[in-house]
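Visitor: The primary structure of each chain is shown beneath.
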Amino acid sequence: MVKIASTFGRSGTHDYILLRASALILASYAVFLIAWLVCNPGVSYADWVGFFGHIGVKIYTLLALTGLLIHAWIGIWQVLTDYVKNSLLRGAIQYVVVIALFVYWFTGLFVLWGV
Amino acid sequence: MKKLTFSIYRYNPEVDTKPRMQDYTLELEDNQDLMVLEALIKIKEEQDPSLAFRRSCREGVCGSDGLNMNGKNGLACITNLSSLKSNKIVIRPLPGLPVMRDLIVDMTQFYKQYEKVKPYLINDEKTPPARERLQSPEERAKLDGLYECILCACCSTSCPSFWWNPDKFVGPAGLLHAYRFLADSRDTATEQRLDDLDDAFSVFRCHGIMNCVNVCPKGLNPTKAIGHIKSMLLSRAV
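Here the protein sequences line up with chains A and B, keeping their order.
Sequential numbering from 305 applies to the first sequence in my numbering.
Sequential numbering from 703 applies to the second sequence in my numbering.
Worth flagging that the hints you see were computed from the coordinates, not collected in a lab.
Each residue gets a CB set at the ideal place from its N, CA and C atoms; glycine is no exception.
One thing to keep in mind: the hints can contain errors.
Said to hold, decoys possible - From the structure, some residues in chain A lie toward chain B, with a derived Cβ separation under 7 Å:
| # | residue |
| --- | --- |
| 1 | Thr317 |
| 2 | Asp319 |
| 3 | Tyr320 |
| 4 | Asp386 |
| 5 | Asn390 |
| 6 | Ser391 |
| 7 | Gly395 |
In isolation and in its complexed conformation, chain A is listed as follows:
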C-alpha cells in the first residue's frame, strides 16, 4: 500500500467517492446556472442580487464552492503526482493551489454573505 499525506481523502476509495460526489454537485450547479441565464436574458444587477439573495441559491453556491475545493484538491494532486517528480516543487505547487481554492471559497462566502 502506498501511504500519501498530501491528497484529500483518507484512502483511494475515499478520494474516488469524493471526486465523483463533488463532480455531480459541480455539474448540476453548472446546468442550474446556465439554465437560469438562458431563462433570464439581459440580466440586470437587480436580477443578480435577487437570484443570489435567495437562501436556496446561497446554499447551492456554497455547496458548489465546497465541491470545487474538494474536486480540485484531489484532481490537481493527481495531475501533479503524474507530472511533477520533484517532491519539493510538487508540495509547493500543491500548497499554492490549495490556498487559492480556500481563497475562492472564502471569497464566495463573503460575497454571498453581503447579498
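Starting from the known structure of chain A, arrange chain B on it as the hints suggest.
Guide: Structure of chain B alone, referenced to chain A:
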C-alpha cells in the same frame, strides 16, 4: 518484389552515448507476408547480427517479444507485417521501461508490481481438504478472461499512469492478476488483498483510458477487471 523499410531502435550502453534509429531494407515476394519476429530474425541473420531482441516460443504464448510496432504495443511473433499497413515499419522497445540493449527492456519494475498483488492462492482454512478445493462451473467461469494473461507487459507499458508512476501504480497486468485471485472462490484473503490496494495509486490511478484493452495480444480486458476491483472497494466502503 516489394521493399519494406524497417527503422529499428538501437542502443548499446557499452558503445553508444545515446539511442539512435537504424534503417534496414527487406525484400519480400509480392504475395509474401511474415510476422514481425520473422522479419527481425531475417534482419539479424542476413544483415546485422548485433541486433538484440527477446523471443522464445514464437507463437504468442511466452510473452517474450513484446515490442512497440508502428506506435502500438504487441507481440512481434503474432503480428503480421501486412497488418501494420505500411511499407515503413518503426520498431521500438516497450515504452516506459529502461532499455538494456536495442529492443530489450528491463522488466524489474513490472515484475515488482506483479509481485505486490500476491499472485498466488491464499487459503487459511485450518483443515485442508483431503484431495482438492472444488469449484462449481460458475465459480470457475469467473476466472475466464483473467488467468490467460502471459505477462508480456504490452498493456502496462502502454498505460500513461504506469509510465508516470511505475513504482506506485500496479498497472493493468498486475491488477488483472489481482482480480484473478479476488474472484477466486478458493481464496480467503479477499479483505487483506483489498486493504493492500486501497490507496490513491495502486488501483485508483487507472482512469479507464483503455490503452491496455487496445493492445492486449490475448484479447483480455484489464480495464474491466480494474472496474470490478473498484466496485469491491466501493461496496465495502459505503
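Visitor: Given A:Ser391 as an interface hint, is the shortest Cβ-Cβ distance to chain B below 7 Å?
Guide: This interface hint is violated because 13 Å lies over the 7 Å limit.
Visitor: Can the hint on A:Asn390 be confirmed by a CB-to-CB distance to chain B that is less than 7 Å?
Guide: Interface hint status for A:Asn390: violated (14 Å vs cutoff 7 Å).
Visitor: So, A:Gly395 near chain B? Judge it on the closest CB pair being under 7 Å.
Guide: At 16 Å from the nearest chain B Cβ, A:Gly395 fails the 7 Å test, so the hint is violated.
Visitor: Should the interface hint for A:Asp386 be scored as holding, given a Cβ-Cβ cut-off of 7 Å against chain B?
Guide: Since the shortest Cβ distance to chain B is 4 Å, the answer is holds.
Visitor: Hint check: is the beta carbon of A:Thr317 less than 7 Å from a beta carbon of chain B?
Guide: holds (4 Å)
Visitor: Hey, does the A:Asp319 contact hint survive, CB to chain B under 7 Å?
Guide: holds (5 Å)
Visitor: Should the hint that A:Tyr320 touches chain B count as held when the rule is a Cβ pair under 7 Å?
Guide: Status holds, d = 5 Å.
Going down the numbered hints, you'll see the structure goes against 5, 6, 7, while the others check out.
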